[in-house]
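Let's have the full structure, built from the sequences with the hints guiding it.
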Amino acid sequence: MIKVYSISDCSWCKKAKSYLEQKGVNYEEINVEHDAEGLKELVSLSGQQSVPVVNIDGKIVIGFDRNKIDEYLQWHLSQS
Amino acid sequence: MEKQIKKPDVLIIGAGPAGLTAGIYAARLKLDTLILEDELVGGQIRDASLIQNYPGFKRISGSELIERMREQSVVAGAKLDEFDRVLLATLTRAEKKIETEGFIYYPKTLIIAAGMKQKELPIREEKQFHGNGIHYCEICDGHLYEGKEIAVVGGGSAAVGAAISLTKYASRVTLIHRSGALRADKKSQEELFSNPKIKVMWNTKIMGAFGDQQLQTLLIQEEAGQDKREMKMDGVFVYIGSLPRTEMYAQDLELDNYGNIVAGESCETNIPGVFAAGDVRTKKIRQLTTAVNDGTVAALMAERYILELRRRDVYDKGVLNF
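Going down the list, the protein sequences come from chains A and B.
According to this note's numbering, the first sequence holds residues 1 to 80 in order.
According to this note's numbering, the second sequence holds residues 1001 to 1322 in order.
It is worth saying that the hints were derived from the structure and are not from the lab.
Don't take every hint at face value.
Here are the simulated SDA-like cross-link-like pairs (lysine to any residue), alpha carbons at most 25 Å apart as the crow flies [as the list claims (entries may be wrong)]:
#1 A:Lys-40 / B:Asp-1234
#2 B:Lys-1199 / B:Leu-1219
#3 A:Lys-15 / B:Lys-1117
#4 A:Lys-59 / B:Glu-1082
#5 B:Lys-1168 / B:Ile-1240
#6 B:Lys-1117 / A:Ser-8
#7 A:Lys-15 / A:Glu-71
Facing chain A, a subset of chain B residues (Cβ under 10 Å, in silico) [what the hints assert, rightly or not]:
#8 Glu-1039
#9 Val-1041
#10 Arg-1046
#11 Asp-1047
#12 His-1130
#13 Gly-1131
#14 Asn-1132
#15 His-1135
#16 Cys-1137
#17 Ile-1139
#18 Cys-1140
#19 Asp-1141
#20 Gln-1213
Now the stretches of chain A that chain B is said to cover, found in silico as 3 or more residues with beta-carbon under 8 Å [unchecked claim]:
#21 4-11
#22 14-28
#23 45-53
Computed from a predicted structure; not experimentally measured.
Virtual Cβ for every residue (Gly too), placed ideally from N, Cα, C.
Okay, structure coming up:
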C-alpha cells in the first residue's frame, strides 16, 4: 500500500508522484487540501503538516527524500 | 555495480531559467545536451506566484513559465534527468568529471547553473518546528493556515510576494523585517501596504520559537538592544535570502567571498570549458532575465569551445575522435 499526501499546486508533491510513476509503482493520492480526514491522517502519521508525505506500507517519508523512498520501495517490492 | 560512463557534449547542472535556456540553445546547436536537476525544475522562480517583468508576458506564474521552458528545452532535443544527484566534481582543463548517484559523466563542456538554496531561519528551534510552524514555501504549505495568524520573514520580492499571497488563507499576516526598508520592487510594496490583512514590523528579528508539537509563540526583538518579547503566532514563512550551490566546485573553481563562481559576462570560469550561468555567477543583478541571458551566452560559448577542440583534434591528430 502506497499513499501520497499532497496538495494541488505543490511542486515537490508532483516530483514525488512523478518519481513513483517512473518507478512503475501504483499509489493512492490523498489531496489534503480538500480532504479533512486525509489531513488528520497525514498529521497523525507524520507528526507534522507539510506535504508531500509518502506512506509506503506504514513507513513514512516526509518531503521528497529519494533515498528513503528507494529503501522503502525495495522492501515493498520484496513483499509483493 | 560499476556506474555507466557517459560523454555528452554539454552537461548542464541545474534546470532553472539559466540551465533550461542553455539547454534550449545547446540542443538547437545539435550538441548532445543533458540537464541534471536533483531538486525542482525551475529552481526558486518556480514558486513565484506572479511574474510581471518577464518580457512577452504581462502576467505569468513561475510554474507556468518554467513548464514552458522545460517543454521547449526537451522539444529542442535536450535530455533532462530530474532524479540523479551530483556527488563529486573534478574539473581540469584536460578533463571534466562529474560523478552522480547513477553515472559518471565526462562532458566536453560543463555549464554550472545550480542556482541558490534558501537560507534557514537562524534560530536553535528551526529543526524542531520545521514543517510544524516554520515553512519555506507558501504555495506548498500556506493552505495549512486557513483563518490563522502567520508571520513572513524577509524584505525582498520573495517575502513580499509570499505575504500578499498568504492573505488568501491567513486571518492576518505580519511581515517581519530586520531593517527599516524593503528591497522588493515598488509596485509589490504598494500592494503590500494597501492590503488590510498585512502588518509590517520594521527593525525586528526573530530570536526564538516555542510550542509543543506545533509552533505557538515567537520570541522577537523589535530594535537592536531592546528587550525581547513573546508574540503569539501559528506559523512563520521564511524568505531571508539564498546561498549559491557551489560548495562542490570550490576546490577547482575560483569563488568570490559569497561563494559565487567568478566568471565574467562570457560566463567562462578559470577552467576552460567550464561555464557558470545564472545566480551562481558573480554579478550585481540577479533577475530572471539575467539568468536567461547567462544561459544563452554559456551555451554559445560552450559550442565555440567544442568547435575549437574539434579543430585542434583535427590539426593534432588528423582525425576526429569524438
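The hints, checked one at a time:
1. A:Lys-40 / B:Asp-1234: holds (18 Å)
2. B:Lys-1199 / B:Leu-1219: Between Lys-1199 (chain B) and Leu-1219 (chain B) the Cα gap is close to 17 Å, so the pair holds against 25 Å.
3. A:Lys-15 / B:Lys-1117: holds (18 Å)
4. A:Lys-59 / B:Glu-1082: holds (24 Å)
5. B:Lys-1168 / B:Ile-1240: Satisfied, since the Cα-Cα distance of roughly 22 Å is no more than 25 Å.
6. B:Lys-1117 / A:Ser-8: Measuring from Cα to Cα gives roughly 23 Å; hence the hint holds.
7. A:Lys-15 / A:Glu-71: At roughly 17 Å apart (the allowed maximum being 25 Å), Glu-71 (chain A) and Lys-15 (chain A) satisfy the hint.
8. Glu-1039: Check passed: Cβ of Glu-1039 (chain B) comes within 8 Å of chain A, closer than 10 Å.
9. Val-1041: holds (8 Å)
10. Arg-1046: It holds, given that the least Cβ distance between Arg-1046 (chain B) and chain A is near 6 Å, below 10 Å.
11. Asp-1047: Result: holds, 7 Å to nearest chain A Cβ.
12. His-1130: holds (8 Å)
13. Gly-1131: At 4 Å from the nearest chain A Cβ, Gly-1131 (chain B) passes the 10 Å test, so the hint holds.
14. Asn-1132: The hint holds - Asn-1132 (chain B) has a Cβ within 10 Å of chain A, the shortest such distance being about 5 Å.
15. His-1135: holds (7 Å)
16. Cys-1137: Check passed: Cβ of Cys-1137 (chain B) comes within 8 Å of chain A, closer than 10 Å.
17. Ile-1139: holds (5 Å)
18. Cys-1140: holds (4 Å)
19. Asp-1141: At 6 Å from the nearest chain A Cβ, Asp-1141 (chain B) passes the 10 Å test, so the hint holds.
20. Gln-1213: holds (7 Å)
21. 4-11: holds (count 4)
22. 14-28: Held - the region 14-28 of chain A has 4 residues with a Cβ nearer than 8 Å to chain B, which meets the minimum of three.
23. 45-53: Coverage by chain B holds for the region 45-53 of chain A (5 residues, Cβ < 8 Å).
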